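Asks: Listed below are the residues making up each chain.
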Amino acid sequence: MNRSRTLTWIVVSLSILALMLAACAPQAETVGEAEPAAEEAAAAPTEAPAEESEDMSMEPIKIGALAPLSAPGAVVGGEAMREAMLIAAEELNNRGGIMGRPVELIIVDTEGLPERGTAVVERLINQDGVVGIGGGYHSSVGVAAKEVARDNGVPIVFAETWNDTITSVQYDEIFRIAPLSSEVSAVDVKFIQWLRDENGMKLEKVVILTENTDYGIPAAENTTALLDGAGIASVTFSVDIGTQDFAGIIERVKAESPDMIVTLATGEASYNFTQQAADAGIGPQNVPTMCNQVSLVSDAFWTNVPDGNHCFVRRIGLPQQLYNDVAQALVAEYSARTGKDDIESYAMASYDSIMLIAQAIEDSGSTDPSDIIDALENINHMGALGPITFPINRSNTPDQAGVDPKWWHQFPDPAITIVQYQVEGQDATETTVVYPEIYQTGAPIIVGQE
Amino acid sequence: MENAAIFGWALLWILFWGALGGVVTPRIYARKDLEISQASFGGAVIGAALGPLSLVPLWIATPKITSRLIGIAIAIVVGIFIVAFALADPDNLCVANGGFVISQLANGIVIGVIYGLMALGLTLIFSILGVVSFAHGEFYMIGGMVTYFMTAEWIPGVSPIVAILASCVVTFAIGYVFERIFLRPMGSGEIERPTEYAILVTFGLAFFLQYFTQALTSAVPVKAQRFFPFPSLELPGDSGAFLRMTPGNVTIFDAISVPNPRFTAAVLALLMLAALLWFLYRTWVGKALRAVSQDRQAAAVTGINPDSMNTLAFSMGAMLAGLSGASLVQVFSWLPQVGIPAAARSFVIIVLGGMGSLPGAFLGGLIVGLVEAAGTGCIPDATRAAAYIPAYGMVILTLVLLLKPTGLFGREL
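Residue numbers (the working numbering), protein chains in the order written: chain B, 18 to 467; chain C, 1027 to 1439.
Since the hints were derived computationally from the structure, they do not count as laboratory data.
Okay, the calculated bits of chain C under chain B, using three or more residues with CB under 8 Å as the criterion:
{"id": "1", "region": "1278-1289"}
{"id": "2", "region": "1407-1415"}
Computed beta-carbon distance windows for the label pairs:
{"id": "3", "chain 1": "C", "residue 1": "Leu1428", "chain 2": "B", "residue 2": "Asp214", "range": "54 to 60 Å"}
{"id": "4", "chain 1": "C", "residue 1": "Ala1030", "chain 2": "B", "residue 2": "Gly146", "range": "55 to 61 Å"}
{"id": "5", "chain 1": "B", "residue 1": "Ala272", "chain 2": "C", "residue 2": "Ser1214", "range": "56 to 62 Å"}
{"id": "6", "chain 1": "B", "residue 1": "Ala272", "chain 2": "C", "residue 2": "Pro1257", "range": "25 to 31 Å"}
{"id": "7", "chain 1": "C", "residue 1": "Ser1214", "chain 2": "B", "residue 2": "Glu139", "range": "41 to 47 Å"}
As the structure is a computational prediction, the values presented were derived from the model and not from experiment.
All residues carry an ideal CB built from backbone N, CA and C; glycine is no exception.
Model the full structure from these sequences, guided by the hints.
Replies: Set out below in structure tokens:
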């Protein structure tokens, strides 16, 4: 009798809790599950032409989408990507869908963890039946997910996974519109050299803070090698993804007396490190610091790193003044939804990744993944990032083209600029572009130089 | 490491004689019909300290192995370890830079105090209810959330003290309600398998709190501003500044530096600890709580209601976790998953200190804080030093459990 009363209590309480959660669903980033509310919104043909309304009642074409929506992943990045991909799906449906069929976007949470990424991609393909997958933020997720895509023959267009091996393994199914990690490192080091050679900055030693992931370790190795080639010494400290406490490492960084600090850690770890370094007197206002690109989410950056002024931040994609029509329309919609003045590069790339898959389906006239892969290889898509192609492919292999295998199915032209926060509380859209000089809107402020 | 062989041989010496002492000593004491509860642990540390020079006299004289003897042996082992490390790597910052060492120690103590406070709540719950609360990290998270949202969103400009008190009230209330509804039936024998039930129900609470909070607030990281920024000042000394303060940092002798958020968090933790000790040792209710933790039936005979003590202990444990989260929300970025590593660390600490032991939890917190600081600062390979942070506490825990399965201050079962 007593036990049954307890059970009743538990059941009643759980029911109340479940109802409360359900009531919050529209605000929630459903973890590890497709978002019913979001999917419905994405799939609903709001203003489809009358003649297409019949076709739009057909079975939807399912497209998968990867984003880190909970820790230890870079949630700030994941939420921005999610919003941009929802815009893409909505736009497709407003146009009448793909081949007259509605688009259903299924967004899954990778948590920034490879094992989670493998599981959700497996689920997207074998349970949900998606014909292609876009998005993706963390390289370690990309490295793991590409194997599932290959095993199942379903294409993935990665939006923000930089690890070179993702494309260098030359899988037919894997495409990427994010930059290569080694190319980003090259830009970083060219910028550092430029600070030294053209701006008279003392630059003898750089400290690199990286994360123990498939992005962080190779990126740090590339950067170290390139710095070495430029005659600049470097020391690398690596931490686990999601690390909170940097006190011990910061004391070691201080003891190295670096002329510059480069942060390759992502997500809230990058915020924690930068602010804790600032508290210890070696923050961006004391030592020139390259912060991680999540710092471009201005609201979150200033909330978490109030002493982050003068951070240099790498920005992928063209400066706002060079946005094409697609990018401008996307920014307008994105701003209306999020209240932000600009769109993050990874959000822009995520939008393009969904649109690329959609165009590939249209071009091939088929939802067969192998046909979509053929179409992607030959695609010429005007995206928010600019005209996107994959010139190194099965008909023009890296060997034939005489290029490194990393360029396989790789968008060759993502622009990379370095911007700097020069006013406390500044919005990311108002940051000064300091490098390269062709896009420069102002001179860099170099702190801590005697 | 220049002379790795020296360090390697020293470690081998410690491990070999420690293992021999740990295995042989209890047998010798048992053969002589002596008390063996400390024989394994004591034999291991005494052997590790001086090898045959200490083991042979120990085995012949078989003195009573006191805490003092063990303490001296541990100090010698630590000394050998440090000397071997210094000889092996003379250029290491932990050897060559005194200011660095003191800064690391200060950081270790500061974070250790906060770990200790967090673990105190968990061990308080275990000592009274016999339940390991898997929702402890979520109470930590709720404490941080209430403090952040009160100071930054709901009532901007409100004193952080008010926000911290509010977080204490909220976590206490959640703990109270949860205990009354879900854990009270355990005490009255209504649950057939209470251990499994407690694990499941606290796990359920953890998931609920985490995802419900995420639904309410999103998972974007936030951080509270410094609670009490230092004034900017500089007191000159004979050579350089004796004391230099900026809003975010205090530096003494241009060498020892402690960031403001950690300093204020540690002070808050110490104040709360003092209040807790006063409550437990100087008030009737506190004494009643301790009585229940020692002998539930005997306490009931004296008129103490064990069920009420259960509720109070769980609520206070939740509040202590909430207080830790509240004081650290100015140090670490907050998000709904922020309690997971904190809870994992608390489990390590309470097992290390001895399940249910309040002094053990606090000392365990300090040990973990110091070991993490030492490991991060002294491991020569910069690419690995911080990556091993979660492992440092586990290494110490494993060693202690090997030698003393009940933990440092745990009761024999």
